[in-house]
Amino acid sequence: MTRNLSLIALAAAFTAGSASAQETLTISVYSFAQDAYKEALYDPFEEICGCELVIETGNSVERMAKIEANADDPVIDLAVISSHDALSLAQKGLLQPIDTSQISSFDRLYPSAQDPIGDNLAVGYTFYASSIVYREDLVSIESWSDLLSDELAGNVSLPNITGTQGPLTLMMLDKAAGGDASDFTGTISAIGQSGDDIVTFYSRSSELAQLMNQEEVIAAPVGRFAWSRFKSSPLPFAWADPVEGQAGGMNVMLLTKGNGNEELAYQLMDYWLSTEVQTRIAEALIDSPANMDVVVSDEVAENLTYGAELINSLNILDPAAIIANRDGWVEQWNTEVIQ
Amino acid sequence: MFLDSREGLALALPAALFTFLVFLVPVAILLSIAFQTDGGAWSFQGYIDFFSKPLNQAVFFRTLKLGVLVAGTAAVIGYAAAFCIVNLPPQARGRIFGLVVLPLMISPVARTYAWIVILGRTGIVNDTIVGLGLSETPIRLLFTETAVFIGLLQLFLPLMIISLVSAMENIPKDVIPAARVLGASWFQVFFRIILPLTREGLVIGGTLVFTGALTAYITPAILGGSKVLMLETLLYQQVNVSNDFVSASVIAMILIVMSFSANLLLKRIASVRR
Chain V
1 MTRNLSLIAL AAAFTAGSAS AQETLTISVY SFAQDAYKEA LYDPFEEICG
51 CELVIETGNS VERMAKIEAN ADDPVIDLAV ISSHDALSLA QKGLLQPIDT
101 SQISSFDRLY PSAQDPIGDN LAVGYTFYAS SIVYREDLVS IESWSDLLSD
151 ELAGNVSLPN ITGTQGPLTL MMLDKAAGGD ASDFTGTISA IGQSGDDIVT
201 FYSRSSELAQ LMNQEEVIAA PVGRFAWSRF KSSPLPFAWA DPVEGQAGGM
251 NVMLLTKGNG NEELAYQLMD YWLSTEVQTR IAEALIDSPA NMDVVVSDEV
301 AENLTYGAEL INSLNILDPA AIIANRDGWV EQWNTEVIQ
Chain H
1 MFLDSREGLA LALPAALFTF LVFLVPVAIL LSIAFQTDGG AWSFQGYIDF
51 FSKPLNQAVF FRTLKLGVLV AGTAAVIGYA AAFCIVNLPP QARGRIFGLV
101 VLPLMISPVA RTYAWIVILG RTGIVNDTIV GLGLSETPIR LLFTETAVFI
151 GLLQLFLPLM IISLVSAMEN IPKDVIPAAR VLGASWFQVF FRIILPLTRE
201 GLVIGGTLVF TGALTAYITP AILGGSKVLM LETLLYQQVN VSNDFVSASV
251 IAMILIVMSF SANLLLKRIA SVRR
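These protein sequence lines are chains V and H, in that order.
For reference, each letter of the first sequence is one residue, going 1 to 339 in my numbering.
For reference, each letter of the second sequence is one residue, going 1 to 274 in my numbering.
Only chain H is shown next, with the shape it has when bound in the complex:
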């Protein structure tokens, strides 16, 4: 059943060629704009100009911060949810897992608009706060970093849970009870058994959530607006408002580098602790 190298090459060639021509080549051309001056010479001036502006620095660090926070929080919640799911009876596990996957079948636009209803001045959260007498007037929740964080977390949490459930299912069933019988606390069980044995799932889930949070456009645009600019919303502005393709290419390159860096960093952490 094993293919020789020529057969393998022939089968892989159409997909590789298609991907190369319609994805890698256009992206490379687009990204090369950021390395060129008006005269066509190669230069890092686009990057220097971009990072010299305080607004761009603030947007870069806000994007990074929210990406890390969303991925970190998703990991914490995801571990709890995944542990619960893998220890449920098969029928209940299917139902709960279905609930986790269900939001992925709904458009991110619809999922994000739901948060406007929840977080608005006349939304459920503010109605509850005012109703309980915690505040006399509705508090500002929309168009804040908190709103963007909540929206992104809700958007990408299922990806983390799916990755961790998949990884956790491979842990032998008797390992955790054995550790507990031998006197390990739940803290020790997590850090010495569960975490080491689910690193691959954490790397995959972490990369998906972090990259997704970095590159999501709709959620920051709707829940943050122009007051909570992130790199992707800034990129849109540079192209569609300012017609500044150099800055847009710089941002695109930064997002690509951040995504790859996150993946490499997570893999590194996983391999170091193995």
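Next comes chain V alone, as it looks inside the complex:
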């Protein structure tokens, strides 16, 4: 009898525990600026929803591999990733369409962020411009083609083809050489011919910042999100405004197919894209806003990819073109450049 009562008590305690257990939402995000994100987004959201956010970080490949490996029983509910990686997941049938009516600020997003990969399978939450950071006391940059000029030989670093900035740099070098930004074969060959003049092909913006602060490199293409690293340096760095314009890209949010946690995921998505949160994230210099209603000071804007004029002028590489050609680019790059 005593044993039966104990079991009933245990079951009751377990049931009560389950009823009061917090709901959880698992999100997969880039690993940078997590402390700032916690303050600007995660903690306030947990207060509102009474839920717990489980944060998974890593590089894009690791995070995509995890989504793919758990396709039958998703462990990630919502992910943020580059638009071409999102398209890659979409092509494998791992995403579900987003019900845009659940996002109250949807109409306030820049048009290019509303359906960046088609079929409402993702929504853009931040833009980034890409241009050339250079030492204005040593050189002036007028064009992307200056990167391969004799004047800068031995003083330039280019992004590796495998990183986000790699294809963007190829696109702008191709444009500067008079190409139509659709075939990078000649551009990769040109980089290969200048291989000895390139200091290194960097993989992370932090690596580049170190090289430029050590004066190993005096000019390199980089994303605007890394500009604050250079701006705060005692060395006179400048952000180029080349005649061909700036390249650009977008990071997007997506929902994994059949994760069963859509309600909470939409709640976070709605909160993240709201003017309030996008402003807070912009002012913390974490990510540039995709919400058109965000207004920040000139000082903050200087560090971001901000404003309709700039965003609409960006040269954005079609995500489908990146996916279709990336293997070929990497193959040629490995053969003609790295070798």
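Just to be clear, a hint being listed does not mean it is correct.
Computed list of lysine to any residue pairs in SDA-like fashion (alpha-carbon distance at most 20 Å, straight line) [claimed, not checked]:
1) Lys227/H x Gln193/V
2) Lys53/H x Gly328/V
3) Lys92/V x Ala71/V
4) Lys227/H x Gly163/V
5) Lys92/V x Glu200/H
6) Lys227/H x Gly154/V
7) Lys227/H x Asp99/V
8) Lys65/H x Asn243/H
9) Lys92/V x Phe18/H
10) Lys227/H x Val330/V
11) Lys66/V x Thr215/H
12) Lys227/H x Ala190/V
13) Lys66/V x Val239/H
14) Lys231/V x Ser140/V
15) Lys53/H x Val330/V
16) Lys66/V x Val54/V
17) Lys92/V x Val75/V
18) Lys66/V x Leu64/H
19) Lys227/H x Leu208/H
20) Lys231/V x Gln214/V
21) Lys257/V x Val61/V
22) Lys66/V x Asn240/H
23) Lys66/V x Ser242/H
24) Lys53/H x Leu64/H
25) Lys173/H x Ile194/H
26) Lys227/H x Gln210/V
27) Lys92/V x Phe245/H
28) Lys227/H x Glu331/V
It is worth saying that the hints were derived from the structure and are not from the lab.
Bear in mind that the values here come from a model prediction, so they are computed numbers and not experimental data.
Take the given structure of chain V and dock chain H to it, following the hints.
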């Protein structure tokens, strides 16, 4: 004090089981990927594909070349250092030996970053070169094979010295003076006395340095970057950038085979000349 076979087995079993389950099984599963086709059939296609690419061939031979060069140079410098250490008075020997061991207590990342300060355009070496008028402008030292070689040598030289000191301490003290008194040159002393009597130390040190140079990741990544790819940096790229686990498994298997081959080769050389 001798154990019978059952007692010995019982004592060894937990360690053997632990190693088997958490190391050998996962590694075997990982490496088996390189022998399988998409359909699950066994095949060497992964290896054929890997070696058919010029980049992979170049990376393989560069890794092998740097491994041999680092191990060879470490042996030459290591013999000189070890000979010096074993012939010092005990107190000085302890101090010098401590200096040799000290770098092993510092993270390889910190030790490698120090080379950026030394080899950079504004580093000590370039400042000296320009200051002495040997060159008008700083010369490119970072992101070259030379930088990777220097970094790896500095990283693993202590292992060679420790192995050789240990081996050299076992040489009877009066053998070398006796050889010299009998008219042997230092060249003959080294090749006919020191080298034969320290072969075991050379095998251990050579294996440690060669294997370490083959498999070090941080140093080639920082000092060589993407312009001086080695097998380990290529392996990282295949996993974390290309998501190509087949190529990564092939590289892992190549590194394991190279390490075991080096050890077997060195042992063979040692036993043949005994």
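> Which earlier hints turn out false for this structure, listed by number in ascending order?
Replying inline: Of the numbered hints given earlier, those the structure breaks are 5, 7, 8, 9, 11, 18, 19, listed in rising order.
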